[in-house]
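K.L.:
So the protein lines, in turn, are chains A and B.
Each residue of the first sequence is one higher than the one before, starting from 1 at the first, in UniProt numbering.
Each residue of the second sequence is one higher than the one before, starting from 1 at the first, in UniProt numbering.
It should be emphasised that the hints constitute simulated quantities derived from the structure, not laboratory data.
Treat the hints with caution; some may be incorrect.
Unchecked claim - Over the 10 Å line for every Cβ pair with chain A, so calculated as not near, a few chain B residues:
| hint | residue |
| --- | --- |
| 1 | PRO79 |
| 2 | PRO597 |
| 3 | ASN693 |
Claimed, not checked - Estimated spans, in silico, between C-beta atoms of each pair:
| hint | chain 1 | residue 1 | chain 2 | residue 2 | range |
| --- | --- | --- | --- | --- | --- |
| 4 | B | THR534 | A | ASP296 | 25 to 35 Å |
| 5 | A | PHE139 | B | LYS768 | 39 to 49 Å |
| 6 | B | SER297 | A | THR414 | 47 to 57 Å |
| 7 | B | ALA197 | A | HIS394 | 44 to 54 Å |
| 8 | B | GLU622 | A | SER355 | 48 to 58 Å |
| 9 | B | LYS768 | A | SER159 | 53 to 63 Å |
| 10 | B | PHE384 | A | ALA423 | 29 to 39 Å |
| 11 | B | LEU205 | A | THR414 | 19 to 29 Å |
| 12 | A | GLU353 | B | ILE559 | 26 to 36 Å |
In this text, all values refer to a predicted model and were calculated from it rather than measured experimentally.
Glycine residues also receive a C-beta, built at the ideal position from the N, C-alpha and C atoms.
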Amino acid sequence: MVSPWRFLPFLGFAAAALAKSSTGESVLIVLDPDLYIENFSRFFDGLEARGYDLTYRRPKDVYPPVIEHDHPKYAHVIFFAPEVKTYSQDITPQSLVTLLSKNTNLLIAVGTKATPLTSLAAEFSLILPPPGTPLVSHFPERDTPATVVPVNVSNPVVSEDLPPVWFSGVPFAFGNNPHIVPILNAPPQSFAADSDSDSGADALVDAANKGGEGLWAGSSLGLVAGFQTLGGGRATWVGGVELFSDEYAQKPAPNGGKSGNEQFASDVAAWTFQETGVLRVDDTTHHRVNETAPRDKYTINEHVTYTMHVSKYNPTSAVWEPYSGIDDMQLEFTMLDPHIRTALKPTPEKPGEYSLTFRIPDRHGVFKFNVDYKRRGWTYLQSTTVVPVVPPRHDEYPRFLSPAWPYYAGAISTSAAFLAFCALWLAGEEPKKAKSTKFD
Amino acid sequence: MPLAYSVPTDLSPATVVNATSLLRIVALALISGAAIASRLFAVVNFESIIHEFDPWFNYRATRVLASEGFYEFWNWFDPTAWYPLGRVVGGTIYPGLMATSGVIYNILHALNLPVDIRNICVLLAPGFSALTAWSTYMFTKEMKNESAGLLAAAFIGIVPGYISRSVAGSYDNEAIAIFLLMFTFFLWIKALKTGSALFGTLAALFYFYMVAAWGGYAFITNMIPLHAFALILMGRFSSRLYVAYSSWYAIGTLASMQVPFVGFQPVRTSEHMAALGVFGLLQIIAFSELVRAHVSSKQFQSLLYASVIGMGILGALGIVGLTYKGWIAPWTGRFYSLWDTGYAKKYIPIIASVSEHQPTAWPSFFMDLQLLIFLFPAGVVLCFRELRDEHVFVIIYAVVASYFAGVMVRLMLTLTPCVCVCAAVAFSSVLDTYIDPVEPEAVEEDAQTAGDGAVSASSTAVSTSSGSTTTTKKGKKAAPAAHAGPLDGLVSTVSAAVSSKKGEKARGIFGGDTRLAVILNALGMLLFFVLHCTYVTSSAYSSPSVVLASTNPDGSQHIIDDFREAYYWLRQNTPETAVVMSWWDYGYQIAGMADRPTLVDNNTWNNTHIATVGKAMSSSEEVAYPILRKHDVDYVLVIFGGLLGYSGDDINKFLWMVRIAQGVWPDEIQEPNYFTAKGEYRVDDEASATMKNSLMYKMSYYRFAELFGGNQAVDRVRGQQMPRIGPTLDYLDEAFTSENWIVRIYQVKKDDLLGRDLRTANAFEQGKKRKRSKPVARRKAIV
């Protein structure tokens with residue numbers, strides 16, 4: 001069976017320009033049969049205009065597979081299927097995690113219905129409300145339903161000064177997972193409730209009285225949340241697929257003017273597809289002060305320079321550029337525990353270089369230069385260099401110490417006295433008697 | 001003088017001397033050949049391979065020495081041992097063994113003999129055993145005579161007690177140390193006998209070699225002072241003793257301090273204080289003797305004695321005071337465990353856990369020494385007969401070494417040379433007595449006595465050919481007859497009881513038949529001794545323990561090579577920097593054969609680090625995982641004998657891990673938790689929860705039940721039926737299991753990609769549904 005969807009990428013072929021992602025330009029869009037490409041044309045066209053190859057697929061289609069022979073076929077996968085309950089065999093929560101582990105990025109939209117994807121959200125420490133409870137907000141007063149909520153945006157991941165964004169869908173509370181990057185948080189007055197009536201309000205009051213347990217309400221709820229995995233792959237969870245729709249993009253903001261949806265969606269996709277906030281460690285070196293080549297081992301108390309080069313991906317020119325903008329990076333010199341932990345500052349005048357000179361502690365062992373830089377919204381920078389620290393060689397210890405003079409004097413005087421004694425003994429006369437037979 | 005059998009009379013004395021010396025040389029050469037050959041069983045039965053555990057480290061160190069030279073070896077810091085602490089190898093080993101091999105290697109290569117360093121290491125111990133035989137010959141010659149020396153050499157050459165530590169491939173410090181021990185003792189005796197500073201210095205030099213080669217040098221450090229002290233107490237102080245001891249102590253101590261591992265220990269630790277104390281005592285006594293020789297006044301002399309004693313007491317108090325102030329380190333735990341065999345188990349389980357530190361079982365005395373152990377007391381008694389200075393030494397040696405051999409299995413090794421010497425003295429006395437053709441003179445009278453029976457004849461003292469034995473002042477009193485035969489005093493009381501009525505009469509051995517009976521009997525004993533030694537050597541002491549052997553039903557040998565299989569797997573399939581955690585027994589083997597960093601190894605210097613591994617092994621996965629990650633562990637290796645019935649596996653050692661961990665973390669690890677309610681150590685269904693959750697248990701029995709395909713799984717070592725559903729692992733992955741399941745290797749999983757704990761991640765992978773969660777409670781309602 002050949003799906004007509006597979007020919008779609010060729011439509012956008014002409015628009016293919018520079019690939020803007022740092023990991024690849026192929027995108028698979030798994031689209032709910034009830035949703036139409038035309039309704040999301042601004043978002044998809046925007047992606048194509050930025051150089052992505054889009055492929056579309058229905059959730060139950062077998063072809064094209066997201067992963068084949070353990071090898072991901074696409075650099076990015078978009079799931080716009082908030083209500084689909086069954087997928088073909090290659091799409092399971094487990095296979096999606098496998099995709100992430102192979103540095104494929106996921107953009108996942110969920111809805112108010114329980115689907116395999118909402119159960120997967122729990123693995124990302126996103127706590128979804130029970131099915132059928134979308135976000136509701138009665139503020140500000142507006143002519144749209146209470147479930148279509150304008151949300152103010154302020155997040156470093158997306159562009160600054162965006163107008164409010166229209167949102168409708170489910171919010172999620174965050175578990176205590178440090179890898180979550182909240183991108184869009186719910187308005188303070190909003191809460192999750194059965195949409196048709198406000199009958200859930202009593203339950204909310206109850207939950208609020210219990211200290212917030214089981215309460216999906218307030219500004220700590222997430223609507224759009226990124227997830228930076230340890231391996232580098234990124235996943236972004238969006239509470240409602242309408243956020244990307246043409247309809248919301250064109251809908252005017254409550255206080256007049258254009259809504260921020262189009263730019264916001266584009267920024268979210270840029271972050272998810274590893275265009276923005278992408279750093280990497282180019283190389284690390286270490287050497288003794290006044291030398292240039294690294295040694296395979298260092299001696300205790302030596303002064304050592306550690307240098308690291310960091311690059312940032314520039315999506316407009318699609319090149320890695322040296323980046324000196326990190327001012328809170330730390331270097332640890334670790335053996336079991338950090339023996340030294342100190343700031344690793346950018347070197348002035350040298351873009352992308354971070355350097356530090358320090359004295360190795362008075363302790364031998366196998367040490368590690370450890371840089372572990374994890375900040376929300378940025379790729380994690382991790383670098384470990386193992387280097388043994390050894391005690392001085394036998395001929396590297398100081399000699400002729402002043403406290404040892406008494407011992408030198410003792411040794412020399414004893415030797416001299418012995419020589420003198422021998423000389424006197426040999427030169428002296430033969431004693432009369434009894435001198436040599438001391439105690440025989 | 002009547003003779004029992006005719007001896008050739010037309011030989012000139014020179015011919016006899018030449019012939020005997022030639023025979024001696026031939027005999028010594030044959031003994032050396034036998035000593036070397038009997039140690040080659042391991043090579044013939046298996047292959048030229050390094051044995052056991054410690055030799056693997058020595059071998060690895062020797063390779064470094066051979067390839068990179070002495071100075072690099074001296075400064076060698078091994079970053080792969082005790083990861084991540086590392087080991088300053090040059091400063092923490094006795095380099096004598098490696099240096100010896102290195103010298104041999106360089107000499108052979110200088111002679112254009114490209115011998116592999118491994119073969120030198122494998123064959124070093126047999127080679128040095130030949131030297132040990134020679135030095136024992138020299139030592140025993142000083143005790144009695146050349147024939148006793150030859151017997152002692154033959155004994156030490158093949159006695160299992162020594163072979164156990166010196167078969168080919170057993171490349172350990174003891175391989176050369178026993179030779180050095182015996183040769184140092186020989187030189188000491190020689191120095192003492194001659195009063196020669198030259199021999200004293202030689203003794204010191206070999207003492208230095210010994211210090212550089214084996215930690216057991218402390219035995220010499222205390223034996224020689226003890227001997228000197230005993231001689232002083234016996235009133236045998238002499239200038240010979242003074243010269244010998246002073247030259248040995250001064251030069252030997254200075255020399256021994258040149259070994260980095262020893263350093264200032266000779267002046268800073270209690271183990272060495274006896275030598276220093278005796279040295280001081282000798283100086284005081286020598287001084288008082290000198291003064292006494294010049295001063296005649298009686299009162300002054302008594303005053304002098306009082307002051308000498310006072311100085312001695314003052315010196316002893318000084319040492320005690322310094323110990324209390326901390327200037328001199330008190331006795332170490334290892335030393336205490338020699339006196340109180342329960343000490344180590346209570347306070348230092350790490351020492352008690354070593355099998356060779358266990359008390360010796362009685363049968364092993366017979367197994368290791370066979371007939372020598374019976375001759376040994378006789379030899380000691382014979383030493384009392386003459387009691388020259390050197391005999392005092394042997395007696396002290398015998399008493400001390402017997403005690404130590406009873407306390408620790410491994411110290412059987414130090415007892416063995418002494419047993420050989422004493423047994424040779426006793427045995428050669430018997431042979432001397434019965435081979436001597438001289439008949440007692442009073443023939444007529446003895447006709448009747450002979451009729452009394454063989455008992456009286458054989459137990460009657462005899463005159464011997466050892467008339468050359470120098471009589472000392474102590475030796476004189478016990479000799480009623482003209483000939484001071486060694487057996488005289490021993491049996492004179494017996495014979496006195498038998499022949500008291502007959503009064504003075506000639507005693508001796510009459511006729512060829514009695515001689516023949518005893519000699520044949522003795523030769524038979526020797527023959528059985530040789531058979532026993534050969535049997536024990538080939539069956540018990542020649543297994544490399546790296547390679548195991550079993551017998552097929554048809555009698556052919558089946559080699560079980562799981563260890564090397566697993567180590568080579570590690571070598572071929574893991575990155576060079578992959579850290580392997582195992583119990584410390586296997587540390588040296590992993591380093592030597594797999595060439596991977598290890599957390600702990602057989603050089604058990606850091607109890608806390610070992611306890612850390614013990615804790616990881618005996619805790620649950622959740623507790624162990626952070627420990628593993630903190631130490632960068634990539635692989636965990638366990639030894640499991642349950643399938644094959646290999647009893648030396650980790651589950652059987654497990655309680656030691658628990659005990660050692662408990663010593664450091666008494667709140668977290670408790671030994672009783674690993675027993676069932678009835679107090680049994682079980683691994684089946686009844687095992688305690690703590691036991692079943694421990695990492696060691698899980699790694700050992702992971703998927704074990706599946707192997708039996710639905711049938712009841714049985715652990716063949718413990719003889720227990722295993723539960724049908726085995727343990728599960730969340731934090732580790734099985735990476736490798738060897739053919740017979742003896743070695744199992746697990747890979748430590750990395751942190752979860754999504755920041756979950758690995759148990760949850762694993763449950764997700766297996767498709768288990770997660771319980772719905774709710775937002776966590778906050779202290780106040782959200783505004």
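K.L.:
Could you run down the list of hints and mark each one as holding or not?
P.N.:
Now for the hints, and whether the structure bears them out:
1. PRO79: 4 Å, violated
2. PRO597: 8 Å, violated
3. ASN693: At about 25 Å from chain A, ASN693/B clears the 10 Å cut-off, so the statement holds.
4. THR534/B to ASP296/A: 25 to 35 Å: 51 Å, violated
5. PHE139/A to LYS768/B: 39 to 49 Å: 41 Å, holds
6. SER297/B to THR414/A: 47 to 57 Å: 34 Å, violated
7. ALA197/B to HIS394/A: 44 to 54 Å: 31 Å, violated
8. GLU622/B to SER355/A: 48 to 58 Å: For SER355/A against GLU622/B, whose Cβ atoms are near 40 Å apart, the range 48 to 58 Å is violated.
9. LYS768/B to SER159/A: 53 to 63 Å: Since LYS768/B and SER159/A have Cβ atoms about 41 Å apart, the given range 53 to 63 Å is violated.
10. PHE384/B to ALA423/A: 29 to 39 Å: Since PHE384/B and ALA423/A have Cβ atoms about 48 Å apart, the given range 29 to 39 Å is violated.
11. LEU205/B to THR414/A: 19 to 29 Å: For THR414/A against LEU205/B, whose Cβ atoms are near 21 Å apart, the range 19 to 29 Å holds.
12. GLU353/A to ILE559/B: 26 to 36 Å: 58 Å Cβ-Cβ, so the 26 to 36 Å window is violated.
Going through the hint list in order, the structure does not satisfy hints 1, 2, 4, 6, 7, 8, 9, 10, 12.
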